[in-house]
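Participant: Just so we're aligned, residue 1 is where the sequence shown starts under UniProt numbering, counting upward by one.
Check before you lean on any hint, since a few could be wrong.
What the hints assert, rightly or not - Straight-line alpha carbon distances no greater than 30 Å define the calculated DSS-like cross-link-like pairs of lysine-lysine that follow:
| # | residue 1 | residue 2 |
| --- | --- | --- |
| 1 | Lys68 | Lys85 |
| 2 | Lys85 | Lys8 |
| 3 | Lys68 | Lys8 |
Simulated from the structure, these hints should not be mistaken for laboratory data.
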Amino acid sequence: MSNISKYKNGWFLLLFIMIGIVLGGLIAESTAGIESLSWLSYGNTFGLDSPLVINLGVLVITFALQIKITIASIIGVILAIIIYKVV
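Between the sequences and the hints, there should be enough to build the whole structure, so can you do that?
Facilitator: As structure tokens, this is what we get:
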């Protein structure tokens, strides 16, 4: 039994998924200019187009959220879940 398997919980899975999303996004951005691998960067962006600004006089709060889903990030999430189950 490995030392990592005793720490398996939801937070560990969430960490793996976040790492998969970040690495997938990095791969998608870096392969966007390569013709044979440009399909990895195919995707769509969801969220607020312009940020929401709340001006309270003394304090200004700006809120914006955008999620870009690409083929590479989906592959990264799938690989992260597989690695989580194996480890």
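Participant: Which hints from the list above does the structure break, by number from lowest to highest?
Facilitator: Violated hints: none; all satisfied.
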